[in-house]
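Chains as they are written, first to last, in our numbering: chain A, 1 to 406; chain B, 407 to 643.
Derived by calculation from the structure, the hints in this document are not laboratory data. Take these hints with a grain of salt, some might be off.
[As the list claims (entries may be wrong)] Short, incomplete list of chain A residues facing chain B, as computed with Cβ under 10 Å: (1) 3; (2) 398; (3) 403.
[Stated by the list, open to error] Ranges between beta-carbon positions, derived for each pair: (4) A:389 - B:599: 40 to 48 Å; (5) A:406 - B:488: 21 to 29 Å; (6) A:280 - B:492: 50 to 58 Å; (7) A:297 - B:619: 52 to 60 Å; (8) B:492 - A:278: 51 to 59 Å; (9) A:348 - B:428: 58 to 66 Å; (10) B:442 - A:398: 29 to 37 Å; (11) A:348 - B:424: 52 to 60 Å; (12) B:533 - A:398: 32 to 40 Å; (13) B:492 - A:351: 45 to 53 Å; (14) B:631 - A:309: 37 to 45 Å; (15) A:24 - B:418: 52 to 60 Å.
Bear in mind the structure is a predicted one, so any value in this text is a computation, not a measurement. Where is the CB? At the ideal position from N, CA and C, for every residue including glycine.
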Amino acid sequence: MSDFKGILRLALQALVRNKVRSMLTMLGIVIGVAAVIVTVAIGSGARVSVQQSINSLGSNLIVVQPGSVTSSGARGGFGTASTLTPADGMAIAQLPGVSAVSPAVTVRAQVVAGGNNWQTTVTGVAPTYTIIRSWPMASGTFFTENDVNDAAKVAVLGQTDVSELFPGGQNPIGQTILIKGVPFTVVGTLTPLGQSSLGTDQDDTVLIPYTSAMQRLTGQTTVSQLMVSATTSDQIAAVQTETTTLLEQRHAIAAGQPDDFQVRNLQSIASAASSTGAVMEFLLAGVAAVSLIVGGIGIMNIMMVSVTERTREIGLRMSVGARGATILRQFLTESTVLAAAGGVVGVVCGFIGTFVVAALAKWPTQIPIEWVVFSVAFSALVGIFFGYYPAKKAAGLNPIEALRFE
Amino acid sequence: MATTAEPVVRVEGLRKVYALGESQVVALAGIDLEIRAGEFVAVMGPSGSGKSTFMQISGLLDNPTAGNYYFEGTDVSHLDADARADIRSRRLGFVFQSYNLLPRTSALENVELPMVYAGVPAVQRAQIAHEMMEIVGVDHLAQHHPNQMSGGQQQRVAIARSLVNNPGLILADEPTGALDTKTSEDVMRIFKELNERSGITIMLVTHEPDIAAHAKRIVTFRDGRVVSDALREERAA
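Isolated chain A, as found in the complex (with noise of 0.2 Å):
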């Protein structure tokens, strides 16, 4: 008797007869599919939410913000300098592969309106700004580039602070809030954006056109930074090099010296995050498929034991006609059975366990298909590995010996 169905029946009737055991045997399986499908869906989805936060930012962006300085030594951080103008923004958006260009002059500032205050960032932007980040308005109308050359007082709200600033929910356009005492008229709001992928609030920030926050907020003539937009993400890296060296002209930077400033792309850095999110993924997994293998172990101990135990019962199927060869493929069907069903429980224990983690602990995730496939799949093949040896154990038994042991 060769046919599979048949071989797959006498497998299953085995395993059904030792209904325990082989719910324990699978249990090791289960576990670690298990593991593998949870560890995996966290892992991923704190990958796919980091990209997703980062691309949120503007996927063409580039961010010149200026250099260290050094005084007496001691070396400051970067944008300690302040050398960055608004004048070196536009020299930069004269460049070929350059869309928009926005500075930004960042100030943490207490917020009156009415009889509400909060604590937010006011960011000095150019209309530009809402190209650069592809953040949509909610109500209202972004300030226009009049509005930047009068330096006007007008604001653009983030939902949070609108929330916060506003609570008893009356409409914030038309409004006056108080900036460093400076009032400002709110002239719009900004569609929800959410956590960055660092954490903070996106959606807790006052805009304002830029030369107003220089003039009426810092004093200064310099920006916090300049966010550079390409027209095409295949033209970052030569905005990149174009950027760094028309500043490297317009500071007067001298071959050889430290720039005084630093141009970074949000792609590197999305890549970087993304490629460590997946060395954590394969990390978390490798880990899991450890305990895969331990199950696997599990179930040849367990198969070892079964042979032994079923030494009589081997003796006598091949008394009455089983063949070796019969008999190694029942044992390694029954191993596999027990493997791939652990396999399966294990993926539904998985799904369960993601769901459990995503809804306790609001982690983000996200269970990928391939890996569904991959742990049902190395789980059998864990079953067919570690079913072999005692499988052909019991293949290899004297039919005379088998039925005389006791």
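Based on the hints, put chain B in the right spot on chain A.
Showing chain B alone in chain A's frame:
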């Protein structure tokens, strides 16, 4: 295929030698024997006489060291394990002292087992199994598991199992060894009826003269040789 002229079992100069460490143990020292279709032969002898070895070789569980064995006219002296398994599957039935039923498995499934390996379709398997259980009087126990049956009932199920492939020879190895006298008589009556009514050839291995007395012919082994081979008079009913 067997012809009526060919004996079921014909052995010539059959020898079996086991290596036991350095020394060698001669289990069969040259056996010449024929068992014809329809015979009911009891193989007797003390332990170590070679009767079990003879049964194992006759049952194609093992190959002889020397000599020839013709089963239903075919030389089977040197078959490999798979070829022997195939003949066991199609032409031989075994009944053991310890029944050897699969635990936690219904009587019906136990009886069906040889047909599973012979590749008989499921519907036919159940039908034949029920027929054979009917013959030995255990069909009402079809759904019982071995641990729910008495020794005599288990041995009847085992006999039904040995019948399902319509074997040319049934080998019964001490089939009453684990049974009380009364049950032993019942089991022997079944063998006798199978032999007389259905003409099934039976080789019975036993060391009990009372049990051997049910057979038509008694072959006695001693030290690996046949020391007596006699037909016995039909016992008064």
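Comparing the hints with the structure gives:
no. : hint                      : in the structure
1   : 3                         : holds, 7 Å
2   : 398                       : holds, 8 Å
3   : 403                       : holds, 7 Å
4   : A:389 - B:599: 40 to 48 Å : holds, 47 Å
5   : A:406 - B:488: 21 to 29 Å : holds, 27 Å
6   : A:280 - B:492: 50 to 58 Å : holds, 57 Å
7   : A:297 - B:619: 52 to 60 Å : holds, 56 Å
8   : B:492 - A:278: 51 to 59 Å : holds, 55 Å
9   : A:348 - B:428: 58 to 66 Å : holds, 60 Å
10  : B:442 - A:398: 29 to 37 Å : holds, 30 Å
11  : A:348 - B:424: 52 to 60 Å : holds, 54 Å
12  : B:533 - A:398: 32 to 40 Å : holds, 34 Å
13  : B:492 - A:351: 45 to 53 Å : holds, 47 Å
14  : B:631 - A:309: 37 to 45 Å : holds, 39 Å
15  : A:24 - B:418: 52 to 60 Å  : holds, 54 Å
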